[in-house]
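Top to bottom, those sequences are chains L and Z. In terms of UniProt numbering, the first sequence has 150 at position 150, counting the first letter as 1, and numbering is strictly consecutive. In terms of UniProt numbering, the second sequence has 138 at position 138, counting the first letter as 1, and numbering is strictly consecutive.
In short, the hints are calculated from the structure, not lab data. Predicted model, so just to flag it, every value in this text is computed and none were measured. Please note: incorrect hints may appear among the correct ones.
All copies of an identical chain are treated as equivalent in the list; a pair is satisfied when it fits inside any one copy or across any two copies.
Unchecked claim - Straight-line alpha carbon distances no greater than 25 Å define the calculated SDA-like cross-link-like pairs of lysine to any residue that follow:
(1) Lys248 / Val213
(2) Lys248 / Leu116
(3) Lys248 / Gly152
(4) Lys95 / Thr114
(5) Lys21 / Arg32
(6) Lys248 / Glu51
(7) Lys248 / Leu119
(8) Lys99 / Glu84
Residues per chain are reported as follows:
There are 2 protein chains.
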Amino acid sequence: MAPSDIRPRRLITGFSNPTVKALRALREKKHRKAAGKFLAEGLRLLTDARECGHLPEVLVLATGRDPHPLLAELEAAVAAAGGEVIETSPDILSKITGKDNPQAVAGVFAEFNTSLASLDRSRADIWLVAQALRDPGNLGTMLRTGDAIGAGGLILIDDCADPFSVEAVRASMGAVFTQSIARAEWSEFEGWLRGGAGQLVAASLREAQPYRVAPYAAPCFVMVGNESRGLPEAYEMACDLRVTMPMKGRADSLNAAVAAAVLGYEVLAGLEQRD
Amino acid sequence: MAPSDIRPRRLITGFSNPTVKALRALREKKHRKAAGKFLAEGLRLLTDARECGHLPEVLVLATGRDPHPLLAELEAAVAAAGGEVIETSPDILSKITGKDNPQAVAGVFAEFNTSLASLDRSRADIWLVAQALRDPGNLGTMLRTGDAIGAGGLILIDDCADPFSVEAVRASMGAVFTQSIARAEWSEFEGWLRGGAGQLVAASLREAQPYRVAPYAAPCFVMVGNESRGLPEAYEMACDLRVTMPMKGRADSLNAAVAAAVLGYEVLAGLEQRD
Numbered sequence: 001m002a003p004s005d006i007r008p009r010r011l012i013t014g015f016s017n018p019t020v021k022a023l024r025a026l027r028e029k030k031h032r033k034a035a036g037k038f039l040a041e042g043l044r045l046l047t048d049a050r051e052c053g054h055l056p057e058v059l060v061l062a063t064g065r066d067p068h069p070l071l072a073e074l075e076a077a078v079a080a081a082g083g084e085v086i087e088t089s090p091d092i093l094s095k096i097t098g099k100d101n102p103q104a105v106a107g108v109f110a111e112f113n114t115s116l117a118s119l120d121r122s123r124a125d126i127w128l129v130a131q132a133l134r135d136p137g138n139l140g141t142m143l144r145t146g147d148a149i150g151a152g153g154l155i156l157i158d159d160c161a162d163p164f165s166v167e168a169v170r171a172s173m174g175a176v177f178t179q180s181i182a183r184a185e186w187s188e189f190e191g192w193l194r195g196g197a198g199q200l201v202a203a204s205l206r207e208a209q210p211y212r213v214a215p216y217a218a219p220c221f222v223m224v225g226n227e228s229r230g231l232p233e234a235y236e237m238a239c240d241l242r243v244t245m246p247m248k249g250r251a252d253s254l255n256a257a258v259a260a261a262v263l264g265y266e267v268l269a270g271l272e273q274r275d
Numbered sequence: 001m002a003p004s005d006i007r008p009r010r011l012i013t014g015f016s017n018p019t020v021k022a023l024r025a026l027r028e029k030k031h032r033k034a035a036g037k038f039l040a041e042g043l044r045l046l047t048d049a050r051e052c053g054h055l056p057e058v059l060v061l062a063t064g065r066d067p068h069p070l071l072a073e074l075e076a077a078v079a080a081a082g083g084e085v086i087e088t089s090p091d092i093l094s095k096i097t098g099k100d101n102p103q104a105v106a107g108v109f110a111e112f113n114t115s116l117a118s119l120d121r122s123r124a125d126i127w128l129v130a131q132a133l134r135d136p137g138n139l140g141t142m143l144r145t146g147d148a149i150g151a152g153g154l155i156l157i158d159d160c161a162d163p164f165s166v167e168a169v170r171a172s173m174g175a176v177f178t179q180s181i182a183r184a185e186w187s188e189f190e191g192w193l194r195g196g197a198g199q200l201v202a203a204s205l206r207e208a209q210p211y212r213v214a215p216y217a218a219p220c221f222v223m224v225g226n227e228s229r230g231l232p233e234a235y236e237m238a239c240d241l242r243v244t245m246p247m248k249g250r251a252d253s254l255n256a257a258v259a260a261a262v263l264g265y266e267v268l269a270g271l272e273q274r275d
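Chain L extracted, bound-state conformation (with noise of 0.2 Å):
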């Protein structure tokens, strides 16, 4: 017998098999909630996930998957850690994930502590801040694009989407996990980003100084708004630094994650210039 057959995996083959209704059930905010879980999927980003220290509870694999050495290492952990490992049509994962082309895996991860105290701010020169952002499109984005600026994490203050939906998680290629990732309301941000070092800069276009040569410093929070609305005028007042960007066309705003990514990469070049 090779290895990879001496693991116990269960083979699940109904549509209506509760541990699928189940997994299913994780797409929806208020399941993942009860639950305290939530699913990513792919072999890159699980094996990502590992590499920071995070094994999902439970690995879905799809029958018919090609082998793949990082595949068996990451069932091998799974059961080592004393996770379970099921097998399931690509169908079935399909229904699962709610994707059309599925990944050949998928896993249960336990939601991560997202409370400002677990933040060690120390830990990075850049932070990003969203407020009351909607769209589990964008969130992801802003984790992707923290990931690569070297951000520490994402704080979302008000009512924003869940990081931990299936879209955010996709979208962030990964970054849920190597991002620390905080949720609060702005008071008790204020209260926190206020008992220690930090400068919160925003775009705006009230009493703001050009993007390019505004003084930044680490650790420098980027905060942006609301897809529809932007940042409420209080926010923004509250700001250490607020800095404009080119509007040369009609708009006068940008998309949220790009906002963030394009003030993101100039905080990091004004810092490193500092250096």
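Dock chain Z against the given chain L, drawing on the hints supplied.
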């Protein structure tokens, strides 16, 4: 009678009305292509369109909408141009646009000429280029960013998402009307590009120089590749300039629309510095 009451409006009350079906069909690419028309929604977007010289052939108004001077102007302009004005319930409008919280107004526009020959490259210093971009949200976001950086338009290479899809139009926030759009195969684009002035630039890991100090030159064509595969190597090697952006984390790439924006803003700053 108030002036707005003397214009003929057709009232549609049934979900199964053939006009509703025809309008709703414009959400599908094959029907858009057959009709040569597309849908756009929202007063702000339709007003932007009008100010850029694009009037809808059909204007659809929701009953019970709040009156608005811009809406009255829009209706008058459509009627004066011989267009049709339809009034229907918010539920039916929602069915047409596929949006849960529909805007009070939508319009049907004739698709534009998207041949390369229709582009005047001397009109702008920056042009965005997308290769095999599959996500209509990314495509619309690139249009929106192009508007912001003063780009002339977006050139779609190979098999891209449809810029006239409801999702792309929505994400463009009106920039679908301000940016030129062209579609071409790579070989056609390369021939057109080399038939005039133009610097082709892409983010790349191959023999690339740091994006903050690269010698950008107008007209600069900023190209990004497919969301999963990136650019084909041959396309990267055909570039005049390959640049690299910092990747401080685990990921080796950015979201395509984000990459276009970070690079696009850098090109804008680089060109302005030289002026």
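Structure-based check of each hint:
Taking the shortest alpha-carbon separations for Lys248 and Val213, both the intra-copy value of 18 Å and the inter-copy value of 22 Å come in at or below 25 Å. In this homomeric assembly, Lys248 and Leu116 come within 25 Å of each other (Cα to Cα) only across copies, at 23 Å, whereas the closest approach inside a single copy is 38 Å. Proximity of Lys248 and Gly152 under a CA criterion of 25 Å is satisfied inter-copy only: 11 Å between copies versus 32 Å inside one chain copy. Taking CA atoms no more than 25 Å apart as the test, Lys95 paired with Thr114 passes in neither setting, with 29 Å inside one copy and 38 Å between copies.
Within a single copy, Lys21 and Arg32 get their C-alpha atoms as close as 13 Å, which meets the 25 Å cut-off; across copies the closest is 37 Å, which misses it. For a Cα distance limit of 25 Å, the shortest separation of Lys248 from Glu51 across copies, 16 Å, qualifies, whereas the shortest one inside one copy, 43 Å, does not. For the homomeric pair Lys248 and Leu119, the shortest alpha-carbon distance between copies (19 Å) is at most 25 Å, but the shortest distance inside one copy (38 Å) is not. For the identical chains of this complex, Lys99 and Glu84 are intra-copy neighbours only, at 22 Å inside a copy versus 40 Å across copies, given an alpha-carbon limit of 25 Å.
This entry does not satisfy hint 4, going by the numbered hints stated previously; all others are met.
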